[in-house]
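Protein chains: 2
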Amino acid sequence: MVRRSNGSRKARQKTSSVSQLDWRSVENPYPPMEVLSADQIDAICDTAFRILEDVGMDILHDGAKSLLRKAGADVDPSGDRVRFDRELINEAMKHAPSQVTLHARNPNHTLTIGGNRIAFGSVASAPNSSDIIDGRRSGNQKDYRDFLRLGQSLNIVHFFGGYPVEPIDLPPATRHLDCIGDFATLTDKVYHAYSLGRERIVDALEITRLAFDCSQEALAEKTRIFTIINTSSPLRLDGVMIEGAFEMARHNQLCVITPFTLSGAMSPVTIAGALAQQHAEALAGMALLQIHSPGCPVAYGGFTSNVDMKTGAPAFGTPENARAALIGGQLARRVGVPYRSSNVNASNCVDAQATYESQMSTWAALMGHANFLMHGAGWLEGGLCASFEKMVIDAEMLQSLSEFLRPLQVDEGSLGLEAVKDVGPGGHFFGTAHTLERYETAFYTPMVSDWNNFENWQDRGSKNATQRAHDISRQLLKDYQTPPMDVARAEAISDFIARRKSEGGVAEG
Amino acid sequence: MVRRSNGSRKARQKTSSVSQLDWRSVENPYPPMEVLSADQIDAICDTAFRILEDVGMDILHDGAKSLLRKAGADVDPSGDRVRFDRELINEAMKHAPSQVTLHARNPNHTLTIGGNRIAFGSVASAPNSSDIIDGRRSGNQKDYRDFLRLGQSLNIVHFFGGYPVEPIDLPPATRHLDCIGDFATLTDKVYHAYSLGRERIVDALEITRLAFDCSQEALAEKTRIFTIINTSSPLRLDGVMIEGAFEMARHNQLCVITPFTLSGAMSPVTIAGALAQQHAEALAGMALLQIHSPGCPVAYGGFTSNVDMKTGAPAFGTPENARAALIGGQLARRVGVPYRSSNVNASNCVDAQATYESQMSTWAALMGHANFLMHGAGWLEGGLCASFEKMVIDAEMLQSLSEFLRPLQVDEGSLGLEAVKDVGPGGHFFGTAHTLERYETAFYTPMVSDWNNFENWQDRGSKNATQRAHDISRQLLKDYQTPPMDVARAEAISDFIARRKSEGGVAEG
Chain A
1 MVRRSNGSRK ARQKTSSVSQ LDWRSVENPY PPMEVLSADQ IDAICDTAFR ILEDVGMDIL
61 HDGAKSLLRK AGADVDPSGD RVRFDRELIN EAMKHAPSQV TLHARNPNHT LTIGGNRIAF
121 GSVASAPNSS DIIDGRRSGN QKDYRDFLRL GQSLNIVHFF GGYPVEPIDL PPATRHLDCI
181 GDFATLTDKV YHAYSLGRER IVDALEITRL AFDCSQEALA EKTRIFTIIN TSSPLRLDGV
241 MIEGAFEMAR HNQLCVITPF TLSGAMSPVT IAGALAQQHA EALAGMALLQ IHSPGCPVAY
301 GGFTSNVDMK TGAPAFGTPE NARAALIGGQ LARRVGVPYR SSNVNASNCV DAQATYESQM
361 STWAALMGHA NFLMHGAGWL EGGLCASFEK MVIDAEMLQS LSEFLRPLQV DEGSLGLEAV
421 KDVGPGGHFF GTAHTLERYE TAFYTPMVSD WNNFENWQDR GSKNATQRAH DISRQLLKDY
481 QTPPMDVARA EAISDFIARR KSEGGVAEG
Chain B
1001 MVRRSNGSRK ARQKTSSVSQ LDWRSVENPY PPMEVLSADQ IDAICDTAFR ILEDVGMDIL
1061 HDGAKSLLRK AGADVDPSGD RVRFDRELIN EAMKHAPSQV TLHARNPNHT LTIGGNRIAF
1121 GSVASAPNSS DIIDGRRSGN QKDYRDFLRL GQSLNIVHFF GGYPVEPIDL PPATRHLDCI
1181 GDFATLTDKV YHAYSLGRER IVDALEITRL AFDCSQEALA EKTRIFTIIN TSSPLRLDGV
1241 MIEGAFEMAR HNQLCVITPF TLSGAMSPVT IAGALAQQHA EALAGMALLQ IHSPGCPVAY
1301 GGFTSNVDMK TGAPAFGTPE NARAALIGGQ LARRVGVPYR SSNVNASNCV DAQATYESQM
1361 STWAALMGHA NFLMHGAGWL EGGLCASFEK MVIDAEMLQS LSEFLRPLQV DEGSLGLEAV
1421 KDVGPGGHFF GTAHTLERYE TAFYTPMVSD WNNFENWQDR GSKNATQRAH DISRQLLKDY
1481 QTPPMDVARA EAISDFIARR KSEGGVAEG
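Protein chains in written order, with this note's numbering: chain A, 1 to 509; chain B, 1001 to 1509.
So here's chain A without its partners, still in its complex pose (with noise of 0.2 Å):
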């Protein structure tokens, strides 16, 4: 049988009249940038065990303190802190593997995040859905449904880093189901399941092995989800997250600990203290899911950005949050875990400064060798609202820079020794063999940019980048197609969140 490849070095996607890219694995071929030095990284790393073990962490959750007082922690009997020692971080972390495969329903979507990979994820959890015909909204159901759709359409878009949107006008304690239920079904990637206590990770893992219809035991022994650990910063971690983080780690499901170390406000006002703050909780709460499940897969994220210090509002995409990125990736090489960022913005359209910022950090988080791009496409406002123009216009940018990142072919045949004889002074190439041979797949190919010259862009109507992103998604959506899925397992996970609704959902709430 002739298939036809799917990895040909250009390819255009052809079940779309939207041309892009084809899926790829992206790697980063350079060296990490080194924003520090090795001394100033020893540094940061020694205040962070400093404040692990003289401030120490609270940590809302019982078992997790009696797990943690057998391994040596010293626990407060009569509260909440738990002070560590850096040796046993240390002896904890020795059981974190250094790079995790997550496996998607779509073999072809697997993702290994580690290394010199950098894998790039939707927009999640925001509160607000808009498009610039419709406005902003509050989330809901046909935005997650269709934000699903077009980031299982953009190829570059690897993973679902969350709910795309908060579909608030579906019930808390069955959400999830409907919502884990329409990622395992509308896409065929890797996606996140919330840890809001231990029913909703256990109904994730559920429809995920009733995606790909395997026993209970086999489920744990591939990753395939994996879940956002936000500490309470300062120095706090969640009871119900760590609930859920417990059930993943011990399904062999991947854990990002992410501390939300906003400099000025929940840690220091300088950027190095906010590093040695995020450094801590991110250690702490990678050392406990090691100390719960050894061996089980953990990642570093690294999320510190600051405040406007006038209003107290969060910033993103500053030179702070880029720096920031760039160390966060200096840091989580040194514990040797995966190391997730972000492509962040705090503007409230998607406009020049959505895009400089998002530029910002998703260079920095590029040359800081970030394994895992969190809100690589979609985000707005700080995280408030996702927006589908925003989705297309990252995809482009994304896209733009893992072309960038393509090794430049050197030989002989690109030197074009021959074609510069051939057209020698004042000719020009656009109808020489060596051009003739190339000119197809010579250069990236943009899905969002117009190179029209200014009359006939005007003749088009004028449109901005943001109003042609607007075209790009309606017509993806148009295009969707629903990943193929074996009837009997669709039926058993409509079956599985039917009789969970009938239950009446989580009762933790």
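Think of the hints as simulated: they come from the structure by calculation, not from any bench.
Misleading hints may appear alongside valid ones.
[Unchecked claim] Think about it this way: if two alpha-carbon atoms lie no more than 20 Å apart in a straight line, the pair counts; the simulated EDC-like pairs of lysine to aspartate or glutamate are:
no., chain 1, residue 1, chain 2, residue 2
1, A, Lys310, B, Glu1437
2, A, Lys421, B, Asp1058
3, A, Lys421, B, Asp1046
4, A, Lys421, B, Glu1053
5, A, Lys421, B, Asp1459
6, B, Lys1421, A, Asp76
7, B, Lys1310, A, Glu455
8, B, Lys1310, A, Asp74
9, B, Lys1222, B, Asp1238
10, B, Lys1421, A, Asp58
11, A, Lys142, A, Glu455
12, B, Lys1070, B, Asp1058
13, B, Lys1421, A, Glu53
14, A, Lys421, B, Asp1085
15, B, Lys1421, A, Asp74
It should be emphasised that the depicted structure is a prediction, and the values quoted were computed from it without experimental measurement.
Guided by the hints, dock chain B onto chain A, whose structure is given.
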């Protein structure tokens, strides 16, 4: 006498209601990003030499051909073709200085070009200008002057890269007199003179001499102005360009040789091939000037981007453009001269495309250790339009990048262990002593970015970044103050311009 320091860490300019960073020289403390291996750079350099040896260049200037013949080049006796041995090029380039100081009328605005420094220039040479209220129009003197005032007011704009917009309402024979006169009086920063024949350069040098109030001899003791010499790619150097460049070199003024190698049109469709040709053309131009005036300041210009192979339209800020900008830095460092790159985009309005393409090219320039960023602020439409709003948005991006490049403080105070102890788990950092001591200068304060939440942003008129940039450009123009100049000097300049106008300006056309 007590003077307010001009260089304090984050002090804001007090002369305008627009908050911006103080003027400062920007250094990149990190090693340059090396996209190609040393072997690959060797291969490109070798191909460049083979182009110069086997194909040669058309040098459309008799004096230049005669100079090159005497220096040992193989000059076609009946035409313009000149072939250069690599030994001739290498020998000539031994004289080229590795860095150059560009003296501004205001000594605080003097620039050192080379090493790990980067200077940012204004948009240059656009035939049209635009703002979002009055729209797009042909270049004119009013806009020309306003761009000079705006560039003078923006501290992050270090120099003027050419006429920001071409004032085509002024007669060509005397346009340069008005324009250079305006540079010398409306600004006190370094500026560019066009090498369109010898006379215009002679006039520019005389106006500059009058502005500095120095003797003819003293004029050539310091480098004060610069010119961009574009080759007519492929492989041609025009006579009028050479004529002007010789006059510049004779007076120890900076010539930046920038091949116009758009890949697929004026150079091979492969980036390696386009760069080999760029390198050949840049070397030939710089070597010619070293043969003419050994030791004269020259710089290596990299402008390689690609065209859209479907339409032939030039594209900028593409993955290919970014890689070429980075590799151009590697090639310039091989030669040991300063490196010029650009902030470029092909968008027709100040939107997300203009921004992400600009960011791609600027990050590449920065990571590639460009020393001289042409079109740093205000470029649109692939150079066909200068935009007031884009100038302000670019200034914001350049400010942000310059802050990003500041080395991070890591010491006991910034590590903030005491602050973390002070606040403890679950607290917040707003009111601690550590924060109160630092909050005013802790973070970059943006000019354009709006970090209000959606509701507040809406209440204030839902202005996007481009609209806010418009307001800022108007405010800066309102606040603009002509930099002080001795009355006698100003009169001498104005008298000279009047005399030269009465003579009819340049005869050469």
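Hints, one by one, checked against the model:
no. : hint                    : verdict
1   : Lys310(A) x Glu1437(B)  : holds (14 Å)
2   : Lys421(A) x Asp1058(B)  : holds (13 Å)
3   : Lys421(A) x Asp1046(B)  : holds (15 Å)
4   : Lys421(A) x Glu1053(B)  : holds (11 Å)
5   : Lys421(A) x Asp1459(B)  : violated (63 Å)
6   : Lys1421(B) x Asp76(A)   : holds (17 Å)
7   : Lys1310(B) x Glu455(A)  : holds (17 Å)
8   : Lys1310(B) x Asp74(A)   : violated (68 Å)
9   : Lys1222(B) x Asp1238(B) : violated (27 Å)
10  : Lys1421(B) x Asp58(A)   : holds (13 Å)
11  : Lys142(A) x Glu455(A)   : violated (38 Å)
12  : Lys1070(B) x Asp1058(B) : holds (17 Å)
13  : Lys1421(B) x Glu53(A)   : holds (11 Å)
14  : Lys421(A) x Asp1085(B)  : holds (16 Å)
15  : Lys1421(B) x Asp74(A)   : holds (17 Å)
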